[in-house]
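Protein chains: 2
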Amino acid sequence: MSAGTGGVVVGVDIGGTKVLAGVVDRAGRVSSTARRTTPGRRVVTSQVEDALVEAILESADGRRLAGVGVAAAGFVDVRGERVMFAPHLPWQGEPLRDLLQDRLGCQVLLDNDANCAARAEAHHGAARGARSALMITMGTGIGGAVLIDGHVLRGANGMAGEFGHMQVVPDGQACECGRRGCWEQYSSGNALVRNSRALMVEQPSVLEEMSGGNPDRITGPMVTSAAEQGDLVARRAFASVGDWLGVGTANLVAALDPEVVVIGGGVSAAGDRLLDPARTAMQRTLVGAAHRVVPDMVAAQLGPAAGMIGAALLVQL
Amino acid sequence: MSAGTGGVVVGVDIGGTKVLAGVVDRAGRVSSTARRTTPGRRVVTSQVEDALVEAILESADGRRLAGVGVAAAGFVDVRGERVMFAPHLPWQGEPLRDLLQDRLGCQVLLDNDANCAARAEAHHGAARGARSALMITMGTGIGGAVLIDGHVLRGANGMAGEFGHMQVVPDGQACECGRRGCWEQYSSGNALVRNSRALMVEQPSVLEEMSGGNPDRITGPMVTSAAEQGDLVARRAFASVGDWLGVGTANLVAALDPEVVVIGGGVSAAGDRLLDPARTAMQRTLVGAAHRVVPDMVAAQLGPAAGMIGAALLVQL
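For the protein sequence lines, the chains are A and B, in the order given. The opening position of the first sequence corresponds to residue 306 in our numbering, with each subsequent residue numbered one higher. The opening position of the second sequence corresponds to residue 306 in our numbering, with each subsequent residue numbered one higher.
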């Protein structure tokens, strides 16, 4: 059952839109990837398990499975056995680890996707060598993880790192979670798109053409591309999202005082266009900035493979 | 030099107004206390050290010092050697540990007062038995500490747990730290007093008589006493401070997922008058409350002695 006895370790990342599996070696290199579309949340749960098993077996390509790590976009219980709930998946307390173990005949370990990405960046990426780090994952919303003394903090319920729903504006923007003013309403892929739509009313933008005149069709990557072309609406949208990234990060740094802050997720592909305003806002907002080493805020290095790599680390560590 | 070879361990807590020293035994019991007035921040630093040494020696009362632990109301460097700065004390990078070690001829260890209080509550008080806890200290402002796997998180700069200056309201109330909207502007002894002053304009209150008709003379303990008497202004002030306590705590619980939340400091003497609205607000604001064990929010058990007891633990652990 151990990774040392030959066979391959597969890491699989199940997100809201796709399942991504790959063979991961001890240096964190990924090969032989396989992909499936996530069946969605209105299907029977076995369909999601089928997609996972298919992707894992395709990736292993006939080789013996030494172990499988699963990164899931949802709340995983503290023992790493179940997905308690997931906004884009049908699971509710599903004993995923045992189900997959039975079907695959090898050791399966399970964790939240943001924890997996943080573990990957700590071992093979942007937080390598740091004893403590804060990992903030900006995709559609905000996820994250806390690294302390080289370990990912799981928390009493396995729910540590849910940064996206920290309230930053009283009675603020309504959130999908049912509350208001959550951080991810101001700093995320969704916020980037909403900011752009609002700003397009004020000034012309290439986003009009890119979206075929329909603001509902604007996406995060579209805004990133428009900003690269010099579009002012897109650049202002990034400035705001970056500023809020810095404000929220300063709050977490005040509480945790980490060595380094790693920004990952799709939005982080914008690099310094996102990070520069964030660094400025963090410096402005962080208590005692004059009396401390303000942590570096750096982009994640492993990209979309971080979840897979960190899932495999569950088995390899 | 060790606490095991006979002699007494003294814990000393230096706050903005007083220096409190006491002999602390291994069960956390305090005896033979001594007290001095804190000389203030406009004196030469040696006067503060004199007050500390006097209180320590009075407490030891001729017995051999096995070791001294110091809890300081300020930022202590990560190695526990220096007080980097302190709002109510003259120290700026003062090598307090070595200075006291030279004067006392015994081992001296130093930490931030909130960290010491958390360590004390974890070993002898409200967080006993918990692997992880969040300690929030509500006095004039908000201090705090994070307990993970039984250890107080110090952070890369020794500055973890600075919860009071997490921003909860954009462009909010001005804070002594120079920024705006800090949590402690809405939930602290100062906030309690400010709320009361504002509410007295709207309705009659016993605080008018208690303060001799001068709202500037209202203090936190006065508001606590007025609330006990049923005063509506004082009760509304507590409801608001408690609500904000719950909102800020929910943010920290989202990030850290602790087993228990301990509320200490002077304002916590109000007990459930503070904690009930805080629990309600935490339940309302915390992400995934329906899918997790929401941590208990409990009052600290060791009162003003927590700093001394936790300082002594630096030597005893």
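Certain hints may be false.
[To be verified] Pulled a few chain A residues facing chain B out of the computed Cβ check, cut under 7 Å: (1) A461; (2) D548; (3) V552.
[Stated by the list, open to error] Just a sample of chain B residues kept apart from chain A, beta carbon distances all over 10 Å, derived: (4) T338; (5) I453; (6) E467; (7) G535; (8) N556; (9) D562; (10) E564; (11) D581.
Just so you know, these hints were derived from the structure itself, not from any lab. By construction, the Cβ of each residue, glycine as well, lies at the ideal position given by its N, Cα and C atoms.
Results of checking the hints against the structure:
1. A461: 4 Å, holds
2. D548: Violated - the Cβ of D548 (chain A) stays beyond 7 Å from chain B, reaching only about 10 Å at its closest.
3. V552: 6 Å, holds
4. T338: Given that every Cβ of chain A is farther than 10 Å from that of T338 (chain B), nearest at about 31 Å, it holds.
5. I453: At roughly 6 Å from the nearest Cβ of chain A, I453 (chain B) sits no farther out than 10 Å, so the non-interface label is violated.
6. E467: Non-interface label on E467 (chain B) violated, nearest chain A Cβ at 4 Å vs cutoff 10 Å.
7. G535: 29 Å, holds
8. N556: N556 (chain B) is in fact no farther than 10 Å from some Cβ atom of chain A, at 4 Å.
9. D562: Nearest chain A Cβ is 2 Å from D562 (chain B), so the label is violated.
10. E564: The claim breaks: E564 (chain B) does not keep its Cβ more than 10 Å from every Cβ of chain A (closest is about 4 Å).
11. D581: Non-interface label on D581 (chain B) holds, nearest chain A Cβ at 20 Å vs cutoff 10 Å.
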